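Residue numbers (the numbering used here), protein chains in the order written: chain A, 482 to 752; chain B, 482 to 752.
It is possible that some hints are incorrect.
One copy or two, either will do: identical chains are not told apart, so a pair holds if it fits within one copy or between any two.
Derived PhoX-like pairs (lysine-lysine); straight-line CA-CA distance at most 25 Å [claimed, not checked]: (1) K566 x K496; (2) K598 x K726; (3) K690 x K701; (4) K598 x K736; (5) K722 x K483.
Because the hints were derived from the structure by calculation, they are not lab data.
Computed from a predicted structure; not experimentally measured.
2 protein chains.
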Amino acid sequence: MKIATVQIAPIFGEKEHNLNTIINLINNTECDLIIFPELCTTGYSFADRNETEQYAESSKGDTISILSKMAMEQNKIIILGFAEKDDHQLFNSAAALFPDQNLNRIYRKSHLFYREKFCFDPGDTGFFVINNHDLDVNIGLMICYDWRFPEAARSLGLLGADLIVCPSNLVTDVWHISMPSRALENKVYLACVNRFGTENRNGESLLFKGKSAIYDYNGKILAEAAPDAEQILFADIDPIKTRDKSFNPFNDIFKDRRTDLYHNNSIEIIS
Amino acid sequence: MKIATVQIAPIFGEKEHNLNTIINLINNTECDLIIFPELCTTGYSFADRNETEQYAESSKGDTISILSKMAMEQNKIIILGFAEKDDHQLFNSAAALFPDQNLNRIYRKSHLFYREKFCFDPGDTGFFVINNHDLDVNIGLMICYDWRFPEAARSLGLLGADLIVCPSNLVTDVWHISMPSRALENKVYLACVNRFGTENRNGESLLFKGKSAIYDYNGKILAEAAPDAEQILFADIDPIKTRDKSFNPFNDIFKDRRTDLYHNNSIEIIS
Numbered sequence: 482m483k484i485a486t487v488q489i490a491p492i493f494g495e496k497e498h499n500l501n502t503i504i505n506l507i508n509n510t511e512c513d514l515i516i517f518p519e520l521c522t523t524g525y526s527f528a529d530r531n532e533t534e535q536y537a538e539s540s541k542g543d544t545i546s547i548l549s550k551m552a553m554e555q556n557k558i559i560i561l562g563f564a565e566k567d568d569h570q571l572f573n574s575a576a577a578l579f580p581d582q583n584l585n586r587i588y589r590k591s592h593l594f595y596r597e598k599f600c601f602d603p604g605d606t607g608f609f610v611i612n613n614h615d616l617d618v619n620i621g622l623m624i625c626y627d628w629r630f631p632e633a634a635r636s637l638g639l640l641g642a643d644l645i646v647c648p649s650n651l652v653t654d655v656w657h658i659s660m661p662s663r664a665l666e667n668k669v670y671l672a673c674v675n676r677f678g679t680e681n682r683n684g685e686s687l688l689f690k691g692k693s694a695i696y697d698y699n700g701k702i703l704a705e706a707a708p709d710a711e712q713i714l715f716a717d718i719d720p721i722k723t724r725d726k727s728f729n730p731f732n733d734i735f736k737d738r739r740t741d742l743y744h745n746n747s748i749e750i751i752s
Numbered sequence: 482m483k484i485a486t487v488q489i490a491p492i493f494g495e496k497e498h499n500l501n502t503i504i505n506l507i508n509n510t511e512c513d514l515i516i517f518p519e520l521c522t523t524g525y526s527f528a529d530r531n532e533t534e535q536y537a538e539s540s541k542g543d544t545i546s547i548l549s550k551m552a553m554e555q556n557k558i559i560i561l562g563f564a565e566k567d568d569h570q571l572f573n574s575a576a577a578l579f580p581d582q583n584l585n586r587i588y589r590k591s592h593l594f595y596r597e598k599f600c601f602d603p604g605d606t607g608f609f610v611i612n613n614h615d616l617d618v619n620i621g622l623m624i625c626y627d628w629r630f631p632e633a634a635r636s637l638g639l640l641g642a643d644l645i646v647c648p649s650n651l652v653t654d655v656w657h658i659s660m661p662s663r664a665l666e667n668k669v670y671l672a673c674v675n676r677f678g679t680e681n682r683n684g685e686s687l688l689f690k691g692k693s694a695i696y697d698y699n700g701k702i703l704a705e706a707a708p709d710a711e712q713i714l715f716a717d718i719d720p721i722k723t724r725d726k727s728f729n730p731f732n733d734i735f736k737d738r739r740t741d742l743y744h745n746n747s748i749e750i751i752s
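Next comes chain A alone, as it looks inside the complex (with noise of 0.2 Å):
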């Protein structure tokens, strides 16, 4: 299996210019699955809530119906970040589009990040995994910030991921420190899509520093891109081999775990 990520500088507000350079690298890329960053069909900082309601749009819209077909008459699967409008509630959402439409699901960040607070809503779907079966490859979606919540990897994998995509926007570069830990933790691919580029918007300038990458299910990179250029990786995946959790004949990492003993769902500092 062919997975192509795609690092791109989507323009602020300009949707037009970025769907069709989103259309027009789908059209030119030879892939099973491409992926693209989070919000790249319009771009990361909006003001408030009332700007991001300008530019969001159903995930029943055009923007996604035109991707949608897409994926089935190219027979590539397409995962991308958008600003979704679901009646009065916006989301930072990716959408997973598949050959088959039955198939297409839509996630929405589940952590948000600085200013977004002020721009969206708490995503509502939780982790999922889609399971496509022509290519046998179950899918997991996380969004960006969502990578410092191990939680948020570990669900997907508890649900069957073989592969985790991470279409991100991010600012920082300490990510790099965990996101192969969430590939190694949990015995899964993992590509993280950044975008690259700068953005100039309500008094802060944020630059957006690329560097998107592929793991292997031991944390390994594959393949990984510039900090401030276009740029598609590639990598072949073989989606079984992440299956086996076992690494030796006694240990096994999820049947391993400790349920019994772990503190999860609550804060309990000593004071």
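Starting from the structure of chain A, add chain B where the hints point.
Just chain B now, kept in the frame of chain A:
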């Protein structure tokens, strides 16, 4: 607060020799907290439960009593791994011994590695944090293979740990991918104290890979040892710096957790 990690190569079965080594190092190391590797009084490669039982001793036994007295007399916290016998149960344990003996606690390794499953019972203490008021530090314990489970360090983080201490006998290098992430994702200091040297027993040769490391709460290495030498690492840490889990005005890595969305306690593989 000055911590010291002691990377040594215990000799299998030579308890008196190993304990003398430990005592000399405690006597000659100026610090507030001194940490030794997993199973450092006995060595690692027990053949089976019968052999473990020959060398294991109670947490009320001579070894721990002698070291506990030293902790009191020298006003040092001492943490070390040892083989613990409790009635007919055997544990791969770590003792945390304080100047105030009332604080002394035993952690029993939760996740057993490889042939440990034939030599020890799975730990039953779970994860806990010890507050030392004199130094104003909250210490949590895990042992070696516990690193692979983000839930272990997460449990300690949520319980209020400022510093995670991880006595180890690591025979791979793969932990270097995750250990810094454990510190970063919980914003805690982390001291991984490994042994070095080789044990040839039970028809197997185990090479312990040293490279003990102390990480700050951003996952940055403060000090790192050689792979194959006796070496003491020192670090000055400021436990209070770990307690504010926010990193900008809007994000806090604990408060941002979406415990409503996480899959924790079950394996739900799609088939």
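Hints that the structure is at odds with (numbers, increasing): none
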